[in-house]
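Use the sequences and the hints to build the structure in full.
Here's the letter readout for the chains.
Number of protein chains: 2
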Amino acid sequence: MRVIVLGADGYLGWPTALHLSTMGHDVIAADNLIRRRWDTLCGTHSLVPIAGMKRRVLRWKEVSGKQIAWERLDLMSLADTTALIAQYQPDAVVHFAEQRSAPYSMISGAHAAETQVNNVIGTLNLLFALRESGPDCHLVKLGTMGEYGTPNIDIEEGFIEIEHNGRKDRLPYPKQASSFYHLSKVHDSNNIMFTCRAWGLRATDLNQGVVYGSGTPETDLHSELRTRFDYDDIWGTALNRFCAQAAHGHPLTVYGSGGQTRGFLDIRDTVRCVELAILNPPDRGEFRVFNQFTEQFSVNQLADRVRAARLAHGLETVIEHLANPRIEMEAHYYNAKHQHLLDLGLVPHSLEDSLIDRVIGMVERYKGRIKPELFLPRVDWRFGGGGKMPAPSKRRRVPALRSVSSLY
Amino acid sequence: MRVIVLGADGYLGWPTALHLSTMGHDVIAADNLIRRRWDTLCGTHSLVPIAGMKRRVLRWKEVSGKQIAWERLDLMSLADTTALIAQYQPDAVVHFAEQRSAPYSMISGAHAAETQVNNVIGTLNLLFALRESGPDCHLVKLGTMGEYGTPNIDIEEGFIEIEHNGRKDRLPYPKQASSFYHLSKVHDSNNIMFTCRAWGLRATDLNQGVVYGSGTPETDLHSELRTRFDYDDIWGTALNRFCAQAAHGHPLTVYGSGGQTRGFLDIRDTVRCVELAILNPPDRGEFRVFNQFTEQFSVNQLADRVRAARLAHGLETVIEHLANPRIEMEAHYYNAKHQHLLDLGLVPHSLEDSLIDRVIGMVERYKGRIKPELFLPRVDWRFGGGGKMPAPSKRRRVPALRSVSSLY
Chain A
747 MRVIVLGADG
757 YLGWPTALHL
767 STMGHDVIAA
777 DNLIRRRWDT
787 LCGTHSLVPI
797 AGMKRRVLRW
807 KEVSGKQIAW
817 ERLDLMSLAD
827 TTALIAQYQP
837 DAVVHFAEQR
847 SAPYSMISGA
857 HAAETQVNNV
867 IGTLNLLFAL
877 RESGPDCHLV
887 KLGTMGEYGT
897 PNIDIEEGFI
907 EIEHNGRKDR
917 LPYPKQASSF
927 YHLSKVHDSN
937 NIMFTCRAWG
947 LRATDLNQGV
957 VYGSGTPETD
967 LHSELRTRFD
977 YDDIWGTALN
987 RFCAQAAHGH
997 PLTVYGSGGQ
1007 TRGFLDIRDT
1017 VRCVELAILN
1027 PPDRGEFRVF
1037 NQFTEQFSVN
1047 QLADRVRAAR
1057 LAHGLETVIE
1067 HLANPRIEME
1077 AHYYNAKHQH
1087 LLDLGLVPHS
1097 LEDSLIDRVI
1107 GMVERYKGRI
1117 KPELFLPRVD
1127 WRFGGGGKMP
1137 APSKRRRVPA
1147 LRSVSSLY
Chain B
747 MRVIVLGADG
757 YLGWPTALHL
767 STMGHDVIAA
777 DNLIRRRWDT
787 LCGTHSLVPI
797 AGMKRRVLRW
807 KEVSGKQIAW
817 ERLDLMSLAD
827 TTALIAQYQP
837 DAVVHFAEQR
847 SAPYSMISGA
857 HAAETQVNNV
867 IGTLNLLFAL
877 RESGPDCHLV
887 KLGTMGEYGT
897 PNIDIEEGFI
907 EIEHNGRKDR
917 LPYPKQASSF
927 YHLSKVHDSN
937 NIMFTCRAWG
947 LRATDLNQGV
957 VYGSGTPETD
967 LHSELRTRFD
977 YDDIWGTALN
987 RFCAQAAHGH
997 PLTVYGSGGQ
1007 TRGFLDIRDT
1017 VRCVELAILN
1027 PPDRGEFRVF
1037 NQFTEQFSVN
1047 QLADRVRAAR
1057 LAHGLETVIE
1067 HLANPRIEME
1077 AHYYNAKHQH
1087 LLDLGLVPHS
1097 LEDSLIDRVI
1107 GMVERYKGRI
1117 KPELFLPRVD
1127 WRFGGGGKMP
1137 APSKRRRVPA
1147 LRSVSSLY
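Going down the list, the sequences are from chains A and B.
Each residue of the first sequence is one higher than the one before, starting from 747 at the first, in our numbering.
Each residue of the second sequence is one higher than the one before, starting from 747 at the first, in our numbering.
Bear in mind the hints are in silico, worked out from the structure with no lab data behind them.
Incorrect hints may appear among the rest.
Copies of the same chain are indistinguishable here, so a pair counts whether it falls within one copy or spans any two.
[Unchecked claim] Distance condition first, Cα-Cα at most 20 Å in a straight line; then the derived SDA-like pairs of lysine to any residue:
{"no.": "1", "residue 1": "Lys812", "residue 2": "Pro1123"}
{"no.": "2", "residue 1": "Lys914", "residue 2": "Ala1077"}
{"no.": "3", "residue 1": "Lys914", "residue 2": "Glu903"}
{"no.": "4", "residue 1": "Lys1083", "residue 2": "His910"}
{"no.": "5", "residue 1": "Lys914", "residue 2": "Ala1082"}
{"no.": "6", "residue 1": "Lys1083", "residue 2": "Asn911"}
Shown next as structure tokens:
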């Protein structure tokens, strides 16, 4: 199949492009490279040095004999996006190309607006591009389990049968997202669902859990094929950050009491889930949702797993509970379904001590690059990032968004 | 109470400002006047000539002895919005300031993006402005009944108790909006709900039905106090457009079979509902939803009501069924609750033949201004407004939205 991977410069986009290429698909990797710019703006960086996209694609050709096309593309341009779809006529588009940090979206009003404009309008442009140039193409969109929040009932995969006052309907599962980032994905889901109904597009919304792991078999083949690894408060996610903290001898920073429970998965399963979705497309007009995670853990359980893995090597790890900078329940019911991808053949990697060892081992190789001040949360959900955190770079006034004036 | 009315230049914003002023509130009217610009761009116009905002406010002072402050404001500017809230310290902000046409939002990708950016980011900026400068202020936000779509179960007011696999929760009512405009209001609702939880803001989402009527007692006081009246395919809503068509001797244009059922209300009830919400604010941290309509009608029932009102004067009216340019069910279950505003004391105007007569009478005074070509739908939900409609003004390339680059 011919597949465009949007957001191919990211932590998951790049390994996905490599995996699909390995599996014999014809892959086009596209990105606007803004993630590297956001690193500069946030004073953050990938712990693992990463090559540029041109270099990566060349190295991949050399190592695997396979060609990945590289296209610099900004989804904010409807014209460029439409042209890309028209040029390649892909069977599927995998859409990772979003601002994907909840803390980033909570820094200020400008960051919230940037996140929602980038994600919602980028996706909207992609939908119009598909209507125009690729109506049969399968959109595989990365959503997040965070769209659901933590309801007191089982979380279904996208839809729920509701019986109410003697009548029944199958309706979109209610969403209760808890950051402007997570909300942007809710907005996307609603926009995509509508275009499947209105235009007959076909889409799979992959509501993904928190991903952990330092790479895949393909990214391990060469130093220039490695994917980024984030350990900081803005871009680093729970388990990866804990592994980095453990390797550095820093306490594991649990937010609040640590009873927050979420779905997690290994990065090697992410790339396989995406391929499973591509190999089994929905019908025209169908909008389907897969909950893409393999195991549920509370934050405390994760921290304990990391501590136990260290203890097996005779190493002590301190777990520290910080005041929770987020707005979230710290003790709650959580039971989320994730059957669809298993039904399509996913054989999950479960979280093993050996994986934790491997991640910590990788971090240890780059220990000298760690800036421990980036371990601590700088963004508070209540107040933003304003006076509450060090400004890692010069503050600059964000220009106000202007309306698009438009004629028809 | 001190109340800022955002979108005070619009069909409903202006009468609301006048009504609140009449009731003794201290009113600040704000608008960026973009609605008048959109008219130019769409080749549309208010059937009733309307005065400029400065003129209106002066005339109101003269007629009523009451002062309404006028502020030109674009919600796209977070700084200006924050400054406005800080300056006036309002008890309530009534937010009508959105692009409010479903067909407009469906013209093209650029129009969809403009609608969602204008509405979602405008509201987001307002939420940040309230957090910063008016955390106790009550946000009264105009939503739409169209957020719910047409589910096969009763529509509740914003939330629904769901029992599922032996557990229960009260969750946001599932939304199934059917245009990028309606979706923008769903996005708004989700963003607002989150900030009530995260920041302790207080908000009322008024999910309003389709409004009909040519004015209120206040707008009838002087020709320079009149509010706009839209009869065209882009801005005109069902009953108002039917009245204009009847007055002009044009067939009433029903889209599809006409079984589409919606909630409707008289413009005189809109202004009272808004005041009832203001007088009865929610608690800090509360996000509540009122379904703001008084009666349900199918489009066929509305057309029949207009025909009957004409027949009482011996006039024949033709009803014409056009191919439906929208994506919507034309026969469906529809039972939407609307108890909250009645509980607060709303005494609804029901739709009477005399009201239809009054609207038609008003249209007849301005019959010479009608452009009948604007009665027919130019925007198709499947294909947009592209080649399917006459271009009322020179086509211009819409500049692509750029990401907001931002530091912290």
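We went through each hint and held it up to the structure:
For the identical chains of this complex, Lys812 and Pro1123 are neighbours neither inside a copy (41 Å) nor across copies (51 Å), given an alpha-carbon limit of 20 Å. In this homomeric assembly, Lys914 and Ala1077 come within 20 Å of each other (Cα to Cα) only across copies, at 17 Å, whereas the closest approach inside a single copy is 32 Å. When the C-alpha separation of Lys914 and Glu903 is checked against a cutoff of 20 Å, the pair qualifies both within a copy, at 18 Å, and between copies, at 18 Å. Proximity of Lys1083 and His910 under a CA criterion of 20 Å is satisfied inter-copy only: 13 Å between copies versus 22 Å inside one chain copy.
When the C-alpha separation of Lys914 and Ala1082 is checked against a cutoff of 20 Å, the pair qualifies only between copies, where the shortest distance is 15 Å, while the shortest distance within a copy is 22 Å. In the homo-oligomer, the alpha carbons of Lys1083 and Asn911 lie at most 20 Å apart only across protomers (12 Å), although the nearest pairing inside one protomer, at 26 Å, exceeds that limit.
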